[in-house]
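A.B. asks: Here is how the chains run, residue by residue.
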Amino acid sequence: MSQLLKIEDFTLGFADRPPLLDSVSLHVNDGEAVALVGESGSGKSLTTRAALGLFPGGSEFSGTVSVQGLNTLTASKQRLMELRRGHASMIFQDPRAGINPVRTVGDFLTETLLRFHGLSRAEATERAVKQLEQVGLRRAKELMDQHPHQLSGGMLQRVMIAAALLNSPDLLLCDEPTTALDVTTQAGIVRLLREEQQSRGMGMLFITHDLNLAASLCERVYVLRRGTVVEHGPTRNVFQTPQQDYTRQLVEATPVIDVADVDAPAAVGAPLLEVSGVSKTYQLPRGEVITALDNAGFSLPEGGSLGVVGESGSGKSTLARLVVALETATTGELSLRGVPRPHRTLKAAERKVLAKDVQIVFQDPYLSLDPRIPVGNAVADVFRLHQRQGRKQARASAAELLGKVGIGPERFDARPRALSGGQRQRVALAKALAARPRLLVLDEATSALDVSVQAQVLELVEELRDQFGLTILFVTHDLAVVSRLCSEILVMHQGRIVEQGPTARILEDPGDDYTKNLIASRPRPLWDAEPVIA
Amino acid sequence: MTLAISLPQAGLRRYGSLLSPLAWVALAVAAAVVLLSLFAPVLAPYDPDYVDLNNVLAGPGAQHLLGTDALGRDLFSRLMHGGRTSLLGPTIVVIGSTVLGLLLGLVAGWSEGWLGKVLGRVFDLLFAFPALLMAMLAIALFGKGLFAPILAMTIAYVPYVARLAQSLVVAERSRPYVQAYRVLGFRTPWVVLGRVLPNLIPTVGAQSTLNFGYVLADLAALSFIGLGVQPPTSDWGAMIEESRGALLGGYILPAFWPALVVVLVVVAVNVIGEELSDRIGGKLS
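Note that the protein sequences, when read in sequence, are chains A and B. Read in order, the letters of the first sequence are residues 7 to 540 in our numbering. Read in order, the letters of the second sequence are residues -14 to 270 in our numbering.
Heads up, some of the hints might be wrong.
Unchecked claim - Rough simulated footprint, nothing fancy, chain A against chain B, three-plus residues with beta-carbon under 8 Å:
#1 159 to 167
#2 171 to 177
#3 180 to 187
Stated by the list, open to error - Cβ-Cβ distance ranges computed for the label pairs, FRET-style:
#4 B/R229 / A/H153: 54 to 62 Å
#5 B/I210 / A/S426: 43 to 51 Å
#6 A/V108 / B/G98: 43 to 51 Å
Said to hold, decoys possible - Counterexamples of contact, computed for chain B against chain A with all Cβ distances above 12 Å:
#7 L20
#8 G57
#9 L72
#10 L85
#11 W99
#12 F241
Hints listed in this document are in silico derivations from the structure and should not be mistaken for laboratory results. In this text the structure is predicted, and so the values were computed from the model without any measurement. Quick reminder that beta carbons are idealized off the backbone N, C-alpha and C, glycines included.
Next up, chain B with everything else stripped away, as it sits in the complex (with noise of 0.2 Å):
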């Protein structure tokens, strides 16, 4: 990856009315499925978690709009409840690791000494562990449930964000500006917080954006193995696992569409991600 990589000359404004109609459908998708979740209580036609065995691996149709589970279980009403678990722990991670990423990075890119040198190292060390990896250490630690690979994830995707904030502000800071700044008297915590961290928020929001998607796809990933979410709760991860049996009876949908959701929402993600890179003009890995 290069390390030089421009930052915009102004902030995201100038994308909104940019995008390509191919990002419009991502952000359409992405919107969609977001919002669907979040009112399901309210939205959803049926108690996910309502066992109707008159009524089992039952097709698409005006009753069940996607057909239930092998236990009667409204599909639709479950990938609108699922969504709520599913989506509830990319975002813990990205928005965990954005945080920490950036702070670690910014410090790891201003301090010229020692400091700098050991977190790149730490950030290397990082990298060499895969993401599932580490959240199976992590369940094997604290048991199963969504809090031991979330906070797994959180630190394995530290260094892509810590990485990218780190070369950003090793670029910032031989800036002319930034230099102005230091040479006008202001404090550096001013300098580094106020002016430099806002700089870097696009480019970083993309990198973090792109993760979002592959950590959807990690934990979903983890709930299939039956590490992660526990059944009853519907996440679609764990929605494709207990169709297992119905798939090999022949009935695709049950597990059709959760993986099908999953598919959508990591493409959609990553669609927006690689529109927010573009636009920045940096090369994302």
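Bound-form chain A, shown alone (with noise of 0.2 Å):
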């Protein structure tokens, strides 16, 4: 077997600083998945990139990268246009990135053949069209005529994979392709990936943070880290017994649906938030009315926790943003500690009293704090406001609670910029514990970190929980995070509810068909018997 993409001692880096990447040596075979598995910043793309001869600007590099024997390192702009049109492709992350949108789908797919192929518009269409049922896209006909914006997230990535396989490379490059997709959506497309990578006896290189989904599509995995390679072999090995203690704590960290390590503490007290029958509803400015929660109805006791789980539009954020009066609901009761929420907006000394009561922790860490306020300032803040404190008593009082969280007294005055994702999200619970609520809102509040820092935020919030007697609302897409921190899971789909239980319940025995496509849709490895369900 030829070595189709060989790396070897691969060093990047800008002038006077430390290298961004460090000897990376790598290769993949005719016919082989390898799978290049990194958190943020290791210098996965950085890698996958120098493969097609890309290269950030400035930068200083040495040793070799060779594709089918040529060295993309030395070879002239001409070679390496011949290489990207013929021998290899790349997926990205973000399909719609990647396709111009005032351009038809059609355009998009043929372009490459008329320019650079030779081929007539009737042949070039028609192999589009051949390829793009290929890719398992019905009515592939009508789609060439679509413009970008008609097509979901995990159609336009078909689209884009299709493209990628249009001029048979020998070599495909895929950086985080599912990333951006819904867990299900991304079962279909690793599928897609698994059977033409297979069928055609390609090469791929699949760049992932995720190590499940290695394991569920790479025979051989490579793991980087800080621009190094600390580990590679087969992929069952490296990781059932890895070797290196970065790798061991990847696989740990990972989250992985474990029915009997459901520790979270069953709830028993009254109940502190109730909710019956809540719709919302919005109203488009061309008349039409979306339904983005339906009849919605759950309680929640005090002192429980709570996980709700759905994909994207699902209806879970508009829940959780109806909790924290965010929004209004347009029917239905809901109340907090037995008071009922008025259906109007807020005054904003009601606001300041149901502040005591509930909190939320957002998504992305990078926008949830205010960028211009020093992160100690922000907890004192809170303080001030909630517990009445003046200035000192309140820095002192943000000091304590920021040590608690792991944020020490030396990074007080720093402004969230000079912060980590997980130091961020770590400040955000500490503003909103400050405010000392009873129910903490979590929206995707881990989704957008690193699986070890994601390990790290979930052990701190089960710490405060205990803490401080929280109950936990937790909004998220992922079960298994889910499955760790709350005792009954909540499972949404379209607007609607679909099955709400205690969670060891749900996990093992799903009653709703949805639920069982969306634990089925989990990546599995490649060693487990069990199949990829649709």
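With the hints as a guide, dock the two chains, each given alone in a separate frame, to form the complex.
C.D. replies: Following this line, the structure appears as structure tokens:
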């Protein structure tokens, strides 16, 4: 078997700075699927781009990167162009960023065929339609005349895959191609990639931060950390018997569904949050009515923990925003501690009272803190507002609380941009807790974090829950994360609650078809006997 | 113009050491002009209005650094004193339009109902009137001098600031950090004035800096056509106008120096403004 992609001692960096990649060596054989796993900033994208001869401007590099014997570090522009047109293709994370929004799918697919492969328009169209059908898109002919915005993210990623396969590449480079997609959509894309890779005998380098995903798709894996390959080998060996500490941590931090490990205490208290018959509809300018939340009803006891699981558009975020009064329910009753919520925008005084009952932590750690305010002051402000503390006392309280979430006093005067994503989420937690709420809503609060950081933040949430006697409403797309933290689960789909009950019961014996699909869509390792279910 | 302008992650602190060489030159020019104008009464070698008919239209020399005009007045001194009125006007206009524009923009951006829409239309309407036309209308109403054009220009430049502020506020309002403030129970005025407003200032400041150059040129033009600053007060625009006779007689310098200063200041201010907006990452008009 020949080595299709061969990277040897590849070092890349900018002058006067530590290298971004430090003697990375890896190879992909013909017909082999290889995963490149690492957290953000580990250099996985840089490595992959180098295979196509793409380097950040002004960077210095050494070593060899060769595709089918062509050294992309030294090859002429012409040769690189030929490589990209005929031998190697790449699929990116965000399909929408890679396609011209004002041109049709057909234009996009046939362009290279017409310009560089000398096909006639009819031939090119025929080939593109065939390719679209092959990647599992129905009504391919009509699709050719549609614009990107008319397609869902999953469909568009299939179009991108079709485009990448059109020139029958020998090497397919995938840069987190499913990260922006829902779990059930991801399952389909992964299956498609695996099928195509197998049937075409293509070499594939699959970049991901998700170990489970790597295991479900690739025979071999390289683990990258801060620009260095720390471990590599057959996927099963690396995951089941990791040799390096870092790999071990990564494996441990990767959330898995383990029913036996559902250790969240079952709640017994009086109902804290009661929701019955709550709907939220939006009126679009054109008169269309969108139902974001349809007749939702549940009750969350004091000290309980409820996971709200759903994919994008399921209404889970709307539910979270209703609970913290960022939205007002169109119909239905929502009451906190037995106090019904009025069906109007809250007054300032009401909001302040509510703030002591319920707080929220948002998903994006980069947008959820005020960029200008030092983190200590941000927390101290809340103490001054809610605990009526003076400036000095509030600073002391803030420092103490920040200490509890793992932010030391040396960070007190730091602005958010000086902190990492995980640290920012810790500050966001401290800010919310400074109001001393009973109910804490976590809206995908760990989804944007690296797995190892996510694990730490989840651990912190567990600690804080015990320490502050919090009731938790955890909104997420990730079943595994919820199973770790919540004793009850509520599954949402297209604005409706399709199933709710104890976590263990739902995971082991889901009653609803959608829940079954959701659980089955989680990536399974190749060595796992169970087949991937549609 | 794209409305999605990302705000800086930090204030203006990090820009200080990162200015491009061109911006440093611009800053030096602007600073020199401002200082010379500010301290004109102390530094100017002559009384700017002192007529010396024995020494008219003299060339640059040891006695008169830049020469004299048709009435024998020292051009250098007149330029320095002229800067006081020529820079004062734009300063007032920029401060006035920035404060008004920020307030209106905040209100327009924050209110989701009819008020925001009405204000948005008012800004559109104001955009339709060129600043110079508004200034001439105001002069027709209030008479010649500095007051009328300054008032008119202030109003004319409000929409430039207000529109920008409005779009920034709309973007900020939906940011999680602002929503977190709401959930935490902070009062809206505190959030808007205490937290959102300071985050807008770098971007709006860059726009206002650019406006300064335009206003300076507009006011100089008004003085040139005789509607702005009235003689004998020295003003760059008025100086060019007064030198028209000499210009026809072949004496370029009395008109050249004020024109050069106007161009230098406008270019310098624009360079600084562009540099600021580049640093902030937004693309201003």
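A.B. asks: With reference to the structure, classify each hint as holding or not holding.
C.D. replies: How the hints compare with the structure:
1. 159 to 167: holds (count 7)
2. 171 to 177: holds (count 3)
3. 180 to 187: Satisfied; 3 residues make the cut.
4. B/R229 / A/H153: 54 to 62 Å: Distance hint for B/R229, A/H153 holds at roughly 60 Å.
5. B/I210 / A/S426: 43 to 51 Å: With Cβ atoms ~60 Å apart, the hint is violated.
6. A/V108 / B/G98: 43 to 51 Å: Since A/V108 and B/G98 have Cβ atoms about 34 Å apart, the given range 43 to 51 Å is violated.
7. L20: Consistent with the label, B/L20 stays out of reach of chain A, its closest Cβ about 31 Å off (over 12 Å).
8. G57: 56 Å, holds
9. L72: About 31 Å separates B/L72 from the closest Cβ of chain A, which puts it past 12 Å; holds.
10. L85: 23 Å, holds
11. W99: 15 Å, holds
12. F241: 44 Å, holds
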